[in-house]
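**Student:** So the protein sequences, as listed, match chains A and B.
Counting in the numbering used here, the first sequence runs from 1 upward without gaps.
Counting in the numbering used here, the second sequence runs from 1 upward without gaps.
Accuracy of the hints is not assured; some may be wrong.
Because identical chains cannot be distinguished in the list, a pair is counted as satisfied if it fits within a single copy or across any two copies.
[Said to hold, decoys possible] Under the rule of at most 30 Å between Cα atoms (straight-line distance), these lysine-lysine pairs were calculated in the DSSO-like manner:
{"id": "1", "residue 1": "K41", "residue 2": "K267"}
{"id": "2", "residue 1": "K255", "residue 2": "K25"}
{"id": "3", "residue 1": "K364", "residue 2": "K255"}
{"id": "4", "residue 1": "K106", "residue 2": "K41"}
{"id": "5", "residue 1": "K114", "residue 2": "K229"}
{"id": "6", "residue 1": "K255", "residue 2": "K114"}
{"id": "7", "residue 1": "K89", "residue 2": "K255"}
{"id": "8", "residue 1": "K114", "residue 2": "K267"}
{"id": "9", "residue 1": "K305", "residue 2": "K229"}
{"id": "10", "residue 1": "K230", "residue 2": "K364"}
{"id": "11", "residue 1": "K106", "residue 2": "K309"}
{"id": "12", "residue 1": "K25", "residue 2": "K229"}
{"id": "13", "residue 1": "K41", "residue 2": "K114"}
{"id": "14", "residue 1": "K172", "residue 2": "K41"}
{"id": "15", "residue 1": "K309", "residue 2": "K172"}
{"id": "16", "residue 1": "K89", "residue 2": "K305"}
{"id": "17", "residue 1": "K309", "residue 2": "K229"}
{"id": "18", "residue 1": "K172", "residue 2": "K229"}
{"id": "19", "residue 1": "K106", "residue 2": "K364"}
{"id": "20", "residue 1": "K305", "residue 2": "K255"}
{"id": "21", "residue 1": "K89", "residue 2": "K309"}
Quick caveat, the hints were computed from the structure, so don't treat them as lab data.
2 protein chains.
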Amino acid sequence: MPAQVSSERILFTRGVPAVEALPNKLLSECFQAVLEGPEAKTVLQYGHNSGYLPLRQLLGEQYGVAPEQIVVGNGSLHLQDLLSALLIKAGDVVFVEQPSYDRAIKTFRRRGAKVIGIPLEQDGVNIAALEQALARQVPAFMYIVPDFQNPAGVTTSLEKRQALVDLAERYKFWLLEDIPYRTLRYSGNSLPMLRELNANRVLTVSSYSKLISPALRVGYLIGPVEIAKKLASLEEETILAPVLPTEAAVVEFHKRGYFEQNLNNLKQLYAPRLQALIAALKTHLPDVPFAEPEGGFFVSITLPKEAVKGNLLERARQTGLILTDGRDFFADPFSDDEEPDLGTRFVRLPFCALTPEQINEGVKRLAALVR
Amino acid sequence: MPAQVSSERILFTRGVPAVEALPNKLLSECFQAVLEGPEAKTVLQYGHNSGYLPLRQLLGEQYGVAPEQIVVGNGSLHLQDLLSALLIKAGDVVFVEQPSYDRAIKTFRRRGAKVIGIPLEQDGVNIAALEQALARQVPAFMYIVPDFQNPAGVTTSLEKRQALVDLAERYKFWLLEDIPYRTLRYSGNSLPMLRELNANRVLTVSSYSKLISPALRVGYLIGPVEIAKKLASLEEETILAPVLPTEAAVVEFHKRGYFEQNLNNLKQLYAPRLQALIAALKTHLPDVPFAEPEGGFFVSITLPKEAVKGNLLERARQTGLILTDGRDFFADPFSDDEEPDLGTRFVRLPFCALTPEQINEGVKRLAALVR
């Protein structure tokens, strides 16, 4: 008999920020400053087609690149869509980590690529498997979330980062590194970005969705000038320009020191939630190994084969535990010949929007289902 | 010898609002109210994937449709791009008025359509030419700007509006009516929207770019629920959701009565500019006929054949008069067998961002070049 559980619904679904952490008052001040300051008319008029120049300058300083190397879009998914339109030609493949971010997989497919999953281990993709895949076909690009990966929570080791850029150089393909969680590190030290290892082969995308607010939809891409130019031109043809006042508010948010302040708040809120999740997994599912992340939004587990009986999602739902279908993160379920349906026992656990109590209760319910 | 002209640069280029008319203070109040009010957290979190529900409710009341029939996007061009992805199949044609909005033409082409121009007369498209084109191939849709057309300034007559929806019904194609200027009427009375004549065959797009601020990039599409659903789903896959705080600010702008107030300001500012342009054309180019609009952003003229010598754009530039290449508005220059290069003598004159003095001076310079 499972232990008695509370009837509260617990959502381990998408990676959403904690609602209490959304800095509405600070943003209100920033919008006011922008719309009543000297740039007010500029940020309400047509213009700044690759993104608001002061934001590109600010990012340029942060990343040590020229503003001409940066394109701002309405969220990073938007930029991934445009980039896919630019880079994917008929017959192309795109490589992703397996598992990977479900919306990215869908985007690459919708833009015409065959998406191939390279198995992800606890320290990054399996490099031998990547080499085998490269020997068959070189991709238009490979999509990587090197820090606190979505969905697995894995951080790619320095050794594997180096191997990735070396292979990208040797086989001449782009690495698209997506780093929205990188700054949300609760312990330990950051490894170099892929672009720091070889900027000529790397396109970097990130956004403020997890760092300020997802509804602002301010994302950006950094790459060589010739790619940034083509992307900006496609962006102009498609949407004219990204929304300006939100970009200007982000610049103001930085200028006032709110970015650091808010980041610290987020870390203080999210770090104990991550610790609660790790502790709950070790308590309630002691035999299930998992990568212990030092930041980000996600921990994931792969349940033992014998543990998953029936429809796990539906059985979880009946206990008020809402999970995402793990299969969505597997671009290429048949790449694992031994078990084509690995996704059915893959469970992503986004922890940021849940209290430690909810996290513990959720993991307890999950454990009861697979006992 | 041309008369001596001032050296000030005059831009008759794109249709931009007057910078002094951008309501930055009012918008600042609205952002503040939104970000410090009860909806603050909602408009900063993920959600509202087809657009902010209160905005869709407000538009639903205005247009007499259900919120489920409305999809909000980051500007109407964005929605035209998504709609094109949805409706245009390989081998499809799209019909446009000839001349038509250059960015729309490019969008339909980039999404794979062959774009066919139907000659535009002073009261709307030539219906006989449209019938001939329909006899050859029925388009995926026909793109129409029925009110104060961009670039020509033409308003389609009631008779031709009826003919358009009748043909759309008979041949079963969509009419995509784009009405961003409709509300900016400085005199006379509005004719019914195409959707009022037959909502089953009409998709309506519009935006707040000309009515509040272009940098907000708040546009919307209205159509049957099944189209709106498909479009919203493609939008979610592509960008997750349109930017939320800007949409919420637009709702607040309406709630506070600022929309009507601002619209009246715009009319008071723009009406004399339109009058100045009409007067200048009658004074300096008395033999060139043109459609006299009662609203909007544009008047256009087609210069007499014999008047255009050499490269008009370059010659104008040398006098500080900056024009847009008229050929960009002609999707299909060869549809007019008598004169394939009609666009070279087509001049669009956007008047909203120029003072009456600048308008008069600009037309004087243009007249001196073609005398």
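**Student:** All the hints need checking, so say for each whether the structure fits it.
**Tutor:** Hint by hint, here is what the structure shows:
1. Taking the closest pair of Cα atoms, K41 and K267 come within 30 Å of each other only across two copies (19 Å); inside a single copy the shortest separation is 36 Å, beyond that limit.
2. Taking the closest pair of Cα atoms, K255 and K25 come within 30 Å of each other both inside a single copy (16 Å) and across two copies (21 Å).
3. For the identical chains of this complex, K364 and K255 are neighbours neither inside a copy (44 Å) nor across copies (47 Å), given an alpha-carbon limit of 30 Å.
4. In this assembly of identical chains, the alpha carbons of K106 and K41 lie at most 30 Å apart only when taken from different copies (29 Å versus 38 Å within one copy).
5. For the identical chains of this complex, K114 and K229 are neighbours both inside a copy (26 Å) and across copies (26 Å), given an alpha-carbon limit of 30 Å.
6. With identical chains, the CA atoms of K255 and K114 are never at most 30 Å apart, being 43 Å at best within one copy and 48 Å at best between copies.
7. Taking the shortest Cα distances, K89 and K255 never come within 30 Å of each other, neither inside one copy (41 Å) nor across copies (48 Å).
8. For a Cα distance limit of 30 Å, the shortest separation of K114 from K267 qualifies neither inside one copy, at 37 Å, nor across copies, at 53 Å.
9. Within a single copy, K305 and K229 get their C-alpha atoms no closer than 49 Å, and across copies no closer than 38 Å, so neither meets the 30 Å cut-off.
10. For the identical chains of this complex, K230 and K364 are neighbours neither inside a copy (50 Å) nor across copies (39 Å), given an alpha-carbon limit of 30 Å.
11. For the identical chains of this complex, K106 and K309 are intra-copy neighbours only, at 28 Å inside a copy versus 53 Å across copies, given an alpha-carbon limit of 30 Å.
12. When the C-alpha separation of K25 and K229 is checked against a cutoff of 30 Å, the pair qualifies neither within a copy, at 36 Å, nor between copies, at 34 Å.
13. Taking the shortest alpha-carbon separations for K41 and K114, neither the intra-copy value of 45 Å nor the inter-copy value of 38 Å comes in at or below 30 Å.
14. In this assembly of identical chains, the alpha carbons of K172 and K41 never lie at most 30 Å apart, being 44 Å within a copy and 45 Å across copies at closest.
15. Proximity of K309 and K172 under a CA criterion of 30 Å is satisfied in neither setting, with 44 Å inside one chain copy and 51 Å between copies.
16. Taking CA atoms no more than 30 Å apart as the test, K89 paired with K305 passes in neither setting, with 39 Å inside one copy and 44 Å between copies.
17. In this assembly of identical chains, the alpha carbons of K309 and K229 never lie at most 30 Å apart, being 52 Å within a copy and 35 Å across copies at closest.
18. Taking the shortest Cα distances, K172 and K229 sit within 30 Å of each other inside one copy (20 Å), while across copies they are farther apart (40 Å).
19. Taking CA atoms no more than 30 Å apart as the test, K106 paired with K364 passes in neither setting, with 32 Å inside one copy and 56 Å between copies.
20. Taking identical chains as interchangeable, the C-alpha atoms of K305 and K255 are never at most 30 Å apart, the minima being 52 Å within one chain and 57 Å between chains.
21. For a Cα distance limit of 30 Å, the shortest separation of K89 from K309 qualifies neither inside one copy, at 42 Å, nor across copies, at 44 Å.
Taken one by one, the earlier hints fail for this structure at numbers 3, 6, 7, 8, 9, 10, 12, 13, 14, 15, 16, 17, 19, 20 and 21, listed in ascending order.
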